[in-house]
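Trainee: Okay, here's what each chain looks like letter by letter:
There are 2 protein chains.
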Amino acid sequence: MMQTNVVTKAETQVEHILEAFKERALDRVFFVACGGSSALMYPSKYFIDRESSSITAEVYSSNEFIHRSPGTLGPSSLVILCSHKGKTPETTQAAAFAKGKGALTVALMYVGEAPLSEESDFTVNYSWAPAGQLDPHPEIMNYAILYRLSMGLLYVKEGNTKYQKLLGSLEHLDTVFAKAKAQYAEAAKTYAAQYKDEKVIYTMASGANYGVAYSFAICILMEMQWIHSQAIHAGEFFHGPFEILDKDVPFVLLMGLDETRPLEERALTFLKQYGEKLLVLDAEHFDLTGIDEELRGYLAPLVLNFVLRVYAVELAEARKHPLETRRYMFKVPY
Amino acid sequence: MMQTNVVTKAETQVEHILEAFKERALDRVFFVACGGSSALMYPSKYFIDRESSSITAEVYSSNEFIHRSPGTLGPSSLVILCSHKGKTPETTQAAAFAKGKGALTVALMYVGEAPLSEESDFTVNYSWAPAGQLDPHPEIMNYAILYRLSMGLLYVKEGNTKYQKLLGSLEHLDTVFAKAKAQYAEAAKTYAAQYKDEKVIYTMASGANYGVAYSFAICILMEMQWIHSQAIHAGEFFHGPFEILDKDVPFVLLMGLDETRPLEERALTFLKQYGEKLLVLDAEHFDLTGIDEELRGYLAPLVLNFVLRVYAVELAEARKHPLETRRYMFKVPY
Chain A
1 MMQTNVVTKA ETQVEHILEA FKERALDRVF FVACGGSSAL MYPSKYFIDR ESSSITAEVY
61 SSNEFIHRSP GTLGPSSLVI LCSHKGKTPE TTQAAAFAKG KGALTVALMY VGEAPLSEES
121 DFTVNYSWAP AGQLDPHPEI MNYAILYRLS MGLLYVKEGN TKYQKLLGSL EHLDTVFAKA
181 KAQYAEAAKT YAAQYKDEKV IYTMASGANY GVAYSFAICI LMEMQWIHSQ AIHAGEFFHG
241 PFEILDKDVP FVLLMGLDET RPLEERALTF LKQYGEKLLV LDAEHFDLTG IDEELRGYLA
301 PLVLNFVLRV YAVELAEARK HPLETRRYMF KVPY
Chain B
1 MMQTNVVTKA ETQVEHILEA FKERALDRVF FVACGGSSAL MYPSKYFIDR ESSSITAEVY
61 SSNEFIHRSP GTLGPSSLVI LCSHKGKTPE TTQAAAFAKG KGALTVALMY VGEAPLSEES
121 DFTVNYSWAP AGQLDPHPEI MNYAILYRLS MGLLYVKEGN TKYQKLLGSL EHLDTVFAKA
181 KAQYAEAAKT YAAQYKDEKV IYTMASGANY GVAYSFAICI LMEMQWIHSQ AIHAGEFFHG
241 PFEILDKDVP FVLLMGLDET RPLEERALTF LKQYGEKLLV LDAEHFDLTG IDEELRGYLA
301 PLVLNFVLRV YAVELAEARK HPLETRRYMF KVPY
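Residue numbers (full-length UniProt numbering), protein chains in the order written: chain A, 1 to 334; chain B, 1 to 334.
Don't read these hints as lab results, they were simulated from the structure.
Cβ coordinates follow ideal geometry from the N, Cα and C atoms, glycine included.
Heads up, a few of these hints could be off.
Unchecked claim - Mimicking BS3-like on lysine-lysine, the simulated pairs with C-alpha atoms at most 30 Å apart in a straight line are:
#, chain 1, residue 1, chain 2, residue 2
1, B, LYS165, A, LYS272
2, B, LYS247, B, LYS320
3, A, LYS181, A, LYS99
4, A, LYS277, B, LYS320
5, A, LYS199, B, LYS199
As the list claims (entries may be wrong) - Covered stretches of chain A (chain B as the covering partner; in silico rule of three or more C-beta atoms under 8 Å from a C-beta of chain B):
#, segment
6, 171 to 179
7, 216 to 222
8, 234 to 245
9, 262 to 272
10, 306 to 312
11, 317 to 330
Please build the complete structure, drawing on both the sequences and the hints.
Mentor: Here's what the structure looks like:
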């Protein structure tokens, strides 16, 4: 049962880390990574921001973290880092830097051993599947591990009960993803055929969903498809960016289930009135059976992210521009 | 002496606020505003992040702040808000929301009286001049007031000595701006003539300067010129966004004097190798006589922002698209 071992291993890793949390005074969490790995962390910050009155959270790009050198970084800090293959130099350096300041460091990686884990106190190995494919173990996917750690932290420190609800909900993520994939398969093809020649596509979201919009903009559209983009915050939209909108400018709007949904609803009304090239992905249309009601706002971004990857696969196909194509990354020095 | 009274008024307002800081336990600062007014606050967060070991700082767009409803918001929070005319509904609501949570609220406005000040404990009226014009009182411009408050906070709470250095440095800001305007007048015209037909222009920066890049992207390029843009963080650039670069894609890179300059230097090397349409504004080329050496990293964004406004004026002129033109803002309901 190789697959079961993968889950057991990750769950055991998390349990050891929660034990370490118990033994240590912690008042600050730094989420540190680059690009797509950083975008994963926004929902966990949203959770801590909302739910804790004693622990504060920050998200920093790895090199910004090192050079900014936050004055509050110290022995009562928890630094959670992520790098898919554990080889992102800035993130490894950030782990060493944080450890040097006395912080507790936890590394997330897909691979087993890598420089990042060597520089970190603890490691969790997450499960992963390529864009649009069903991960056999989404309950230990990167987003899920981040929530296990952040909800686990507030559980052991403040008695927050969402951690148990999370564990129950994650068991159903595989069926939620499978249903979402079937639900959006045709729509994604249609979208890709219609928008394959666009030069610019904006994304928009707020709250727990903003990181997903950011990830789609910088990793899928800019990096993998060479389409101009920006992830616009749905609240900021009305204070500058909305002037760029007309009927020819494509927008992808994410609508989640968290407390900031009114911001996304306001953006929707405006986009519908003045735009025509809209893709609206609304988590209210997902079948979230098995996900605890109280957790739906927090877990919606995971489903939105999965569905967007279904769209990414179709977009790449329609554009004849494979998601793996790069001109610089891992090809030239930088 | 109308003009002197304006300065005296603002300085007296700040002094009263610093007295209030002394009388109150404060461990968290929330900078809350929308769009360009929010972008102003990034350097002050950078300052507090770097220099304080006991006070943490956040920047939130006003509606995100209200709906996210941070768990740490309470009587030991300082909430600093800004709205140019004091009428931004979300920001006024954010002030009322913060006050309801027991926080100390300070409003920055250009105008004297407005809804925002009515909902806030304290108000500071800053000085302002249109893009590219010399403000007779830059020592009380919006950025300067934000630094007076944040450096003043760490002065009264932690004995940080940068506040005195700030006051001395701000006296010289008028001559620094005047010299920068003369220095870049011709270059701005040349740039505008060369790039007036671009459909997309990216901006990039890190650390204390990122907010200036954000402001130029969303307020000048998108809002006032209807040019597609995104403010790319110079550290994030190499983890996705850089794949969009080729010789035909214009970038504006800001290079500051703060501790994150190595990130901007790395971006410069790459932009020079693979791009051709580059505008690099480097604070090392500014004449900063009178600005304390220790403050130059913090004050460079103010000068970068001023110089970018000189470019904005020329760009608008060359494009025959006045900076005041809007299709939605203050014209249609939203």
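Trainee: If a hint holds in the structure, say so; if it doesn't, say that too.
Mentor: Results for each hint:
no., hint, verdict
1, B:LYS165 / A:LYS272, "violated (51 Å)"
2, B:LYS247 / B:LYS320, "holds (26 Å)"
3, A:LYS181 / A:LYS99, "violated (41 Å)"
4, A:LYS277 / B:LYS320, "holds (28 Å)"
5, A:LYS199 / B:LYS199, "holds (10 Å)"
6, 171 to 179, "violated (count 0)"
7, 216 to 222, "holds (count 4)"
8, 234 to 245, "holds (count 10)"
9, 262 to 272, "holds (count 4)"
10, 306 to 312, "violated (count 0)"
11, 317 to 330, "holds (count 4)"
Checked against the numbered hints listed earlier, the structure breaks hints 1, 3, 6, 10; every other hint is satisfied.
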